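S.K.: Each chain is listed here by its residues.
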Amino acid sequence: MTLQTALHPWHASHRARLIDFGGWDMPVLYSSIVDEHNAVRNSFGLFDVSHMGRIEVTGPQALPFLQLICSNNLATLKPGQVRYNLVCREDGNILDDILVYRLNGHYLLVVNASNREKIFSWLLKHLAGFEARVEDKTLATSMIAVQGPKALAIAKELVSPDPSLLNNYFCAMSKVMGKEALVSRTGYTGEDGIEIIVPVGEEVPLWEALAGLGATACGLGARDTLRLEAAMPLYGHEISEEVNPLEAGLAWAVKFDKGNFLGREALWEKNAKAGEIKRVGLVLEGKRIPREGCGVLGEGQGFGRVTSGTFSPTLGKAIAMAYVPATWSQPGTEVDVDIRGKRERAQVAALPFYKRARA
Amino acid sequence: MDLKKFRFAKTHEWATLDGNICTIGLSQFAVEQLTDVIYIDLPDVGDPAIQGDSFGEIESVKAVSDMYSPVEGEIVAINDTLALDPTQVSKDPYGKGWLIKVKLEGKPSLDHMLTHEGYQKQIAGNAH
Numbered sequence: 001m002t003l004q005t006a007l008h009p010w011h012a013s014h015r016a017r018l019i020d021f022g023g024w025d026m027p028v029l030y031s032s033i034v035d036e037h038n039a040v041r042n043s044f045g046l047f048d049v050s051h052m053g054r055i056e057v058t059g060p061q062a063l064p065f066l067q068l069i070c071s072n073n074l075a076t077l078k079p080g081q082v083r084y085n086l087v088c089r090e091d092g093n094i095l096d097d098i099l100v101y102r103l104n105g106h107y108l109l110v111v112n113a114s115n116r117e118k119i120f121s122w123l124l125k126h127l128a129g130f131e132a133r134v135e136d137k138t139l140a141t142s143m144i145a146v147q148g149p150k151a152l153a154i155a156k157e158l159v160s161p162d163p164s165l166l167n168n169y170f171c172a173m174s175k176v177m178g179k180e181a182l183v184s185r186t187g188y189t190g191e192d193g194i195e196i197i198v199p200v201g202e203e204v205p206l207w208e209a210l211a212g213l214g215a216t217a218c219g220l221g222a223r224d225t226l227r228l229e230a231a232m233p234l235y236g237h238e239i240s241e242e243v244n245p246l247e248a249g250l251a252w253a254v255k256f257d258k259g260n261f262l263g264r265e266a267l268w269e270k271n272a273k274a275g276e277i278k279r280v281g282l283v284l285e286g287k288r289i290p291r292e293g294c295g296v297l298g299e300g301q302g303f304g305r306v307t308s309g310t311f312s313p314t315l316g317k318a319i320a321m322a323y324v325p326a327t328w329s330q331p332g333t334e335v336d337v338d339i340r341g342k343r344e345r346a347q348v349a350a351l352p353f354y355k356r357a358r359a
Numbered sequence: 360m361d362l363k364k365f366r367f368a369k370t371h372e373w374a375t376l377d378g379n380i381c382t383i384g385l386s387q388f389a390v391e392q393l394t395d396v397i398y399i400d401l402p403d404v405g406d407p408a409i410q411g412d413s414f415g416e417i418e419s420v421k422a423v424s425d426m427y428s429p430v431e432g433e434i435v436a437i438n439d440t441l442a443l444d445p446t447q448v449s450k451d452p453y454g455k456g457w458l459i460k461v462k463l464e465g466k467p468s469l470d471h472m473l474t475h476e477g478y479q480k481q482i483a484g485n486a487h
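Chains as they are written, first to last, in my numbering: chain B, 1 to 359; chain P, 360 to 487.
The hints are all genuine.
Mimicking DSSO-like on lysine-lysine, the simulated pairs with C-alpha atoms at most 27 Å apart in a straight line are: (1) B:287 with P:460; (2) B:287 with P:450; (3) B:342 with P:460.
Derived by calculation from the structure, the hints in this document are not laboratory data. In this text the structure is predicted, and so the values were computed from the model without any measurement.
Same shape as in the complex, but just chain B (with noise of 0.2 Å):
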């Protein structure tokens, strides 16, 4: 059966086109994906991320627990920082990306939605033996995104303290709308904002003040077109089970000199073999949109694949992210994309395709 976020009968009232996503009714668009998009880019949007697992680790133990499930190093987390991590299995592949945010004497994981059933067995699974506990607090609470270079002029409004005083990937727990909030400087958008979690009941009316102050409420079309020109991997596409760490470009997420974690023997040897595909960007001649799937081909031996394209709303081309045999990583090299039997030249392109000018 299908979730629904608190969010929904918001959703539903206001025109949203529904779609199944990692097992809940999502809004993928209210009117159009391009102009949604532009509104996060220009000046703020608003999404309902309720459906991301939201799951608490607790403990003494809980700093080693999550040190050994994690591929970043935890220990050097401070009180309120946040850091992006892969869960890898024993063999190195993927099993999830999340967030995990050091709070006050305990941990909060953000793992994605279709995941959560599945993060939530393998904590518990690798949970003997150590003094922590994990629990699942997603359904008891929501969670939106406010994204875009007005989105903390804005949230300022509603937020105490102002989030602007957050550094990049911190959170603290805040006043919103007079009620304790957990704040983060964080999003899956390529623009500055932050991410609000609140418990189930409060989301309606923050979110009710939020448009009122002009933000634009977006889908998960626009979300997928913002994040494919940030260049971050979405899980089921850049990132799954089919893949490691070192191949996805994420090398930097993974601290071998941190201490035991469960893949790094695995991927140690394959960091020592070196990366024989790479995740690269595509930017296409035509206007035809390479979609998951497609092959490339390029020079020689050994083909691609894409793993996620899409029409860029910011530079009016058709871009994608594909994984290619290394020798054909190189900005600027020339490829041809199979589009539906039909070839098409591309050229791989730097990631990310899009970065905000920071101040």
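For this one, chain B is given, so just place chain P on it according to the hints.
M.R.: Using the frame of chain B, we list chain P on its own:
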């Protein structure tokens, strides 16, 4: 726009007839479902149109869809203004957003297609 003159295919194309020239486009329902149309790949003038076969594709941000010819004949015109502004298909699907014109072979008829009323019933059945 008098939609009584239009006939529709189950695959959401419309057709009108003027003598033996059939104009083909996409229904309002189809373009609303697509949203954010960014590119339309049309055939060349002189290409054959084969009933039930794809004559082109329409790209939206979300997905690509084939467009199927409801008739048999020779393509005698394409709407090349769509190359510059494909959004005309969404803004004016029954007018400026037409796609191709086909010169029909044999006795011109669209009787095998749905009326507007029949088409409305079909899409109401699809909606949930």
